[in-house]
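Participant: Sequence:
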Amino acid sequence: MVENILLIIAGFFLLVKGADILVDGASSIAKKFNISSLIIGLTIVAIGTSMPELIVSLKSMIVNQSNVSIGSVIGSNIFNLLVVLGVCSIISQIKFKKEMKLVEIIISLVMTFTVFIIANNNSQKMITKQEGILLLVLFVFYLLNTILIGKYGEISEHKIELITDEEDIGVLKSFLFIFIGIIALNFGGDFVVDNVIEIIKKFNVNERLLSLTVLSVGTSLPELVTSINAIYKKEDDIAVGNIIGSNIFNFLLIIGISAIINPIKFSVDFNIDIMFLFVSTAILLVIPYIGKKNRISKPNGIFFILLYIGYIISLFVR
1 MVENILLIIA GFFLLVKGAD ILVDGASSIA KKFNISSLII GLTIVAIGTS MPELIVSLKS
61 MIVNQSNVSI GSVIGSNIFN LLVVLGVCSI ISQIKFKKEM KLVEIIISLV MTFTVFIIAN
121 NNSQKMITKQ EGILLLVLFV FYLLNTILIG KYGEISEHKI ELITDEEDIG VLKSFLFIFI
181 GIIALNFGGD FVVDNVIEII KKFNVNERLL SLTVLSVGTS LPELVTSINA IYKKEDDIAV
241 GNIIGSNIFN FLLIIGISAI INPIKFSVDF NIDIMFLFVS TAILLVIPYI GKKNRISKPN
301 GIFFILLYIG YIISLFVR
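Residue numbers for the sequence shown follow the numbering used here, beginning at 1 and rising by one.
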């Protein structure tokens, strides 16, 4: 037990330092290549912080644990949307760019509904290898589209004001920072998740409940720490892009790869959780139009946190 707790503490340390280094490297690259920090958040940072979810899902599918794989993805997306975004907006109200409201959140809604349809489109309730390939194709299309919009679209026209700890850390060093940050996040996430699960298992918790709560929270720690770091560095775009981008990647990339490795047996019990995620994302689409326009304020953040607490209570009741 003592060894597990020490490894969890070490994991948190790696998560914090990894997130700090990752944001510095990503911000520096955005500045040097005149790439919008929103695009950096939606791509490099989002992929990097989604690695723990990918690792957990792949491990789960290799040993044929579909509930753990799909549950960790759905739970992680709910945690990202409500807790990570909620905490960030409590720390400092978040500015929302037009393309985030009109493009990325809508894409997230569509992808959530797409996974819901795919998972329920046959009597066996399976996400097949063919459907996994379809999700991967959508992922590649989304990634390329995001990059092209960032280079030639409206996002590229936004003035970029990036704040990093280093005035000029160099291109190679920037990429090294990103690489080290991602590695630290992965090891940190593994240390935290693996050892928390070992402790929790002693209480014989249901694997579906475990995947939607402890496991999903553990794999979402990189998103939480990275987004908080970005907020403190006045990088709202990286913070929000990381959250929304990670949710899209989780559904398309992680479920896609997992289904290709081993068809995912989908429990209909997860339908309630996917619909809750869909409604929560729809609420996020409306909030920037309420109160302070194009802002997610502190009261909004508190509302998100309370919504998540209500969701967790409902899980235990169910």
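What the hints contain is simulated information worked out from the structure, not anything from laboratory work.
Bear in mind the structure is a predicted one, so any value in this text is a computation, not a measurement.
Treat each hint with caution, since some may be false.
As the list claims (entries may be wrong) - Once the Cα atoms are required to be at most 30 Å apart in a straight line, the calculated DSS-like pairs of lysine-lysine come out as: (1) Lys-125 - Lys-201; (2) Lys-265 - Lys-129; (3) Lys-129 - Lys-234; (4) Lys-59 - Lys-234.
As the list claims (entries may be wrong) - Here are the simulated distance ranges between beta carbons: (5) Ile-199 - Leu-285: 35 to 43 Å; (6) Glu-207 - Phe-187: 23 to 31 Å; (7) Phe-175 - Ile-302: 32 to 40 Å; (8) Leu-58 - Asp-269: 17 to 25 Å; (9) Lys-125 - Asn-4: 21 to 29 Å; (10) Val-110 - Asp-269: 17 to 25 Å; (11) Glu-3 - Ser-123: 44 to 52 Å; (12) Glu-207 - Ala-10: 23 to 31 Å; (13) Ser-314 - Thr-114: 21 to 29 Å.
Ideal placement from N, C-alpha and C gives every residue a C-beta, glycine not left out.
Participant: Is it true that the CA of Lys-265 sits at most 30 Å from the CA of Lys-129?
Facilitator: holds (11 Å)
Participant: Is it true that Glu-3 and Ser-123 lie within 44 to 52 Å of each other by Cβ?
Facilitator: holds (46 Å)
Participant: In this structure, is the beta-carbon distance linking Phe-175 and Ile-302 contained in 32 to 40 Å?
Facilitator: At roughly 38 Å between Cβ atoms, Ile-302 and Phe-175 fall inside 32 to 40 Å, so the hint holds.
Participant: Does Lys-234 lie within 30 Å of Lys-129 when you go C-alpha to C-alpha?
Facilitator: violated (42 Å)
Participant: Lys-125 and Lys-201 were given as a pair; does the straight-line alpha-carbon distance stay at or below 30 Å?
Facilitator: holds (28 Å)
Participant: Taking the Cβ atom of Glu-207 and the Cβ atom of Ala-10, is their distance within the range 23 to 31 Å?
Facilitator: holds (26 Å)
Participant: Ile-199 and Leu-285, beta-carbon distance inside 35 to 43 Å?
Facilitator: Because 38 Å falls inside the window, the suggested range holds.
Participant: If I claimed the Cβ atoms of Ser-314 and Thr-114 lie 21 to 29 Å apart, would that claim hold in this structure?
Facilitator: holds (24 Å)
Participant: Look at the Cβ atoms of Glu-207 and Phe-187 and judge whether their distance stays inside 23 to 31 Å.
Facilitator: holds (24 Å)
Participant: Just to be careful, I want the Cα atoms of Lys-59 and Lys-234 compared with a cutoff of 30 Å; is the pair within it?
Facilitator: violated (36 Å)
Participant: Has the hinted range 17 to 25 Å been met by the Cβ atoms of Leu-58 and Asp-269?
Facilitator: 23 Å Cβ-Cβ, so the 17 to 25 Å window holds.
Participant: Does the Cβ pair Lys-125, Asn-4 satisfy 21 to 29 Å?
Facilitator: violated (35 Å)
Checked against the numbered hints listed earlier, the structure breaks hints 3, 4 and 9; every other hint is satisfied.
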